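**Student:** Respectively, the protein sequence lines represent chains A and H.
Sequential numbering from 1 applies to the first sequence in the working numbering.
Sequential numbering from 1 applies to the second sequence in the working numbering.
If you are wondering where the hints come from, they were derived from the structure by calculation, not from laboratory data.
Derived Cβ-Cβ restraints for the label pairs, each shown as a range: (1) ASP125(H) - PRO212(A): 49 to 57 angstroms; (2) SER331(A) - THR205(H): 32 to 40 angstroms; (3) ILE152(H) - ALA296(A): 19 to 27 angstroms; (4) LYS189(A) - ASP125(H): 54 to 62 angstroms; (5) GLU122(A) - ASP125(H): 20 to 28 angstroms.
Mimicking BS3-like on lysine-lysine, the simulated pairs with C-alpha atoms at most 27 angstroms apart in a straight line are: (6) LYS238(H) - LYS2(A); (7) LYS199(H) - LYS351(A); (8) LYS351(A) - LYS193(H); (9) LYS351(A) - LYS201(H).
Computed from a predicted model, the values in this text were never measured in an experiment.
C-beta atoms are modelled at their ideal positions from N, C-alpha and C, and glycine is treated no differently.
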Amino acid sequence: MKLCTDMNESWLSDESRLKGRADWVATPSSPLEMAKEIKEAHERGLSVSIQGARTGLAGGSVPFGGLALSTGRMNAILGLEAGNASFFLKAQSGIPLKDAKQFLMRPCGLGKNLQVLEAVRENHMGFAPNPSEKTATLGGLFASGARGLNSISCGSMSDNVSGVTWILPDGRQISAVRGEHVFGADGLKLPNGLSIPRVNGKDPLFSQFPAPGMDLIDFLAGSEGRLGVAAEITLRLQKIPDITWSAAYFFPSSDEALAFAAELRRWRGMLHACEIMDEAAVRILDEGRLRLPSLAALPPFPNAAAVYAEIAGDDSDALEEALFEQLELFSRMGGREEDTWAGSAPNEIEKFQSLHHSLMELGNTLSVSGGTGEAQVCRISSDNFYGSASVEKAWKICRLNLKESGIKGFVHGSVLDGRFSVCLLPTLNQLSGAEEFRIILARFALESGGAACSDYGVGKVNRKLAKNFLRPEMEECFKPFDKGRRMSNSFFLEAPE
Amino acid sequence: MKPIKIVACVKQVPSEGGASMDPEKGLLIRAASLSAANPLDVCALEVAARILDAFGGELAALSMGPSSASSVLTQAFAMGAVRAVLLCDPAFAGSDVYATSFTLAQGIKKLGGADLILCGQQTTDGDTAQTPFALAAHLGIPSVGWVKRVEISTDSLIFVQELSGASAAVFAKFPMVAAIGREAAIPRMPSLKAQLEAKRKTIETWGLEDLNCRDKSLYGLVASPTRVKRVYAPSMEKKAEIVRDPAGACAEIIAGLIVKSRDARRE
Numbered sequence: 001m002k003l004c005t006d007m008n009e010s011w012l013s014d015e016s017r018l019k020g021r022a023d024w025v026a027t028p029s030s031p032l033e034m035a036k037e038i039k040e041a042h043e044r045g046l047s048v049s050i051q052g053a054r055t056g057l058a059g060g061s062v063p064f065g066g067l068a069l070s071t072g073r074m075n076a077i078l079g080l081e082a083g084n085a086s087f088f089l090k091a092q093s094g095i096p097l098k099d100a101k102q103f104l105m106r107p108c109g110l111g112k113n114l115q116v117l118e119a120v121r122e123n124h125m126g127f128a129p130n131p132s133e134k135t136a137t138l139g140g141l142f143a144s145g146a147r148g149l150n151s152i153s154c155g156s157m158s159d160n161v162s163g164v165t166w167i168l169p170d171g172r173q174i175s176a177v178r179g180e181h182v183f184g185a186d187g188l189k190l191p192n193g194l195s196i197p198r199v200n201g202k203d204p205l206f207s208q209f210p211a212p213g214m215d216l217i218d219f220l221a222g223s224e225g226r227l228g229v230a231a232e233i234t235l236r237l238q239k240i241p242d243i244t245w246s247a248a249y250f251f252p253s254s255d256e257a258l259a260f261a262a263e264l265r266r267w268r269g270m271l272h273a274c275e276i277m278d279e280a281a282v283r284i285l286d287e288g289r290l291r292l293p294s295l296a297a298l299p300p301f302p303n304a305a306a307v308y309a310e311i312a313g314d315d316s317d318a319l320e321e322a323l324f325e326q327l328e329l330f331s332r333m334g335g336r337e338e339d340t341w342a343g344s345a346p347n348e349i350e351k352f353q354s355l356h357h358s359l360m361e362l363g364n365t366l367s368v369s370g371g372t373g374e375a376q377v378c379r380i381s382s383d384n385f386y387g388s389a390s391v392e393k394a395w396k397i398c399r400l401n402l403k404e405s406g407i408k409g410f411v412h413g414s415v416l417d418g419r420f421s422v423c424l425l426p427t428l429n430q431l432s433g434a435e436e437f438r439i440i441l442a443r444f445a446l447e448s449g450g451a452a453c454s455d456y457g458v459g460k461v462n463r464k465l466a467k468n469f470l471r472p473e474m475e476e477c478f479k480p481f482d483k484g485r486r487m488s489n490s491f492f493l494e495a496p497e
Numbered sequence: 001m002k003p004i005k006i007v008a009c010v011k012q013v014p015s016e017g018g019a020s021m022d023p024e025k026g027l028l029i030r031a032a033s034l035s036a037a038n039p040l041d042v043c044a045l046e047v048a049a050r051i052l053d054a055f056g057g058e059l060a061a062l063s064m065g066p067s068s069a070s071s072v073l074t075q076a077f078a079m080g081a082v083r084a085v086l087l088c089d090p091a092f093a094g095s096d097v098y099a100t101s102f103t104l105a106q107g108i109k110k111l112g113g114a115d116l117i118l119c120g121q122q123t124t125d126g127d128t129a130q131t132p133f134a135l136a137a138h139l140g141i142p143s144v145g146w147v148k149r150v151e152i153s154t155d156s157l158i159f160v161q162e163l164s165g166a167s168a169a170v171f172a173k174f175p176m177v178a179a180i181g182r183e184a185a186i187p188r189m190p191s192l193k194a195q196l197e198a199k200r201k202t203i204e205t206w207g208l209e210d211l212n213c214r215d216k217s218l219y220g221l222v223a224s225p226t227r228v229k230r231v232y233a234p235s236m237e238k239k240a241e242i243v244r245d246p247a248g249a250c251a252e253i254i255a256g257l258i259v260k261s262r263d264a265r266r267e
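Bound-form chain A, shown alone:
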């Protein structure tokens, strides 16, 4: 590691706009180097912040002293493997998702594994999850427990990982292969002596509650650096549907949009994504056409609220029939033909999929921080999974609370799995009200058996919020990993209040 005297701004921030400081920096290029740096930091009592592409919205990669460790040089494809009619892509954790995907699609592959690559292409295999942030690294997506627009149909990032090379907070290295290490009734004991106890109940904040039957990989996924860091990741490739259709349906109000979205769930088998955006979200996107290159090629949005639906499969007739039926439903509910947008070519679909990320980006630029970089005024959102609460109820509670708070903001989210995000745009005087708002919604989500901070993670931005819901017994699970000192990517840490 090198002393960080002349700090490059980029080390200190991510897309959350939170600004930190680092004492040391390291840019390892291999798991061995990474382990060495982390071991040294552990021995010297330094906290460690892992940085991938710094695309996180919760400030997880922002250092507050200690070591900022970038995985930027760990961006190699390590190979393709085939076995039992399955295909796997192994890569270093710092590779951006788009580069890993492109490796599988571009005309010239690497010399090695060429035969496997050809088989992958012939069988239409690929990495199926579709997080809207394509420049994020595989390591970042794994650490944050990313899901993607289509997680209902193809699983989360974690579901599509079959192996990881993992560096523990003290620099020890373990390998996890899916199926090899599974939690039992008493927890999990690894060959290197690492023993993780079982915890009864449910972790309200993270997905990796160590219940019996859980794979070690799923426990590590979404741990946001508390349990260590992935150095290498093996992705399980899935059959990518031959045909995908994207369609946006626009409505005069979000109530009508919600009613339509709820009806769309009857196509659940082929429906890969179903997102709703309220009036404020659509207005912000429409105005954003003049500000964001990703939206510049879009015409004006035709109506106030929107439902984005993606259906996919291999049977073109069945898909088209479903779309005609959806169109008929749209028409019966008062929709006009000109209030739909659709496309099935990859570049058309990309336009639709970029809407989600553009909305996040615009939320960032509109937040009160406006680039001031002050920690307490960075982007504030309430992103929760509403568990067993009905989609209609969860959506209404989000909207009603936003209205009653008097804070500007917008609501959007996935109708298929009841995950809604409220992006708040408070004035400086409304900041405490915004925190209160987030606690109310998080509490409702948890009471419904859901989870808080479910989309963008806890990071450092949400640590105050998370402390309201922290369960002390989870600490017991973390202890074996860090021997009392954990990495600073969590909200627990040395980062200032």
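Since the structure of chain A is provided, determine the placement of chain H on it from the hints.
**Tutor:** Relative to the frame of chain A, chain H by itself:
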């Protein structure tokens, strides 16, 4: 203005990451799954749709390429084309600007001609920006290029050209070719119904034998005067000079270096 017969030329191009270059053969290697309609051709389709909205008439879309290129014609259907033709024949392979524009001209003749032929100003792969004008030359009709705005009124159609800092308004007089720039129109997002119906429309495929001129020597690689001699990445030479001056005159020294570098470039 009376109804207009428009032909829009649309090319399939590699989308980002969808192509690489064979350094030995100097040819583009395309991945069919990563192809798209040339963005400026889509702007041309939008201009066509707006003109037809105002004056009525009909739009035919024309493309040349492998059978996979038919997807860009489906997009043309979704944007209002009533007819779509793909010029597809091994004899057309390897065409440069000259041979491509000749082939497109034969396609347009076979279509019975047109009042207005719209093309994107340039493509994202070849990037020559010459095909529209070569096409006009083959057809013996005038052309207007670098169109940045189209003004449509009840009795006239004006193409506003970008002329390196100045603009020129050109009244349309048919038949003519217009090369459309990106600023001219933001393409519409086709409706779901239009997209679904487009999938069910038939794309006509014409080979050499379908055209009026069947002389093989006038098409494809053999008729292309352009030869790619070598494909290479330009070498970039960087020279760093570290300025260390404890007396604090760094800014002055660096300013001197910038002036020196600028003067060297001018020479």
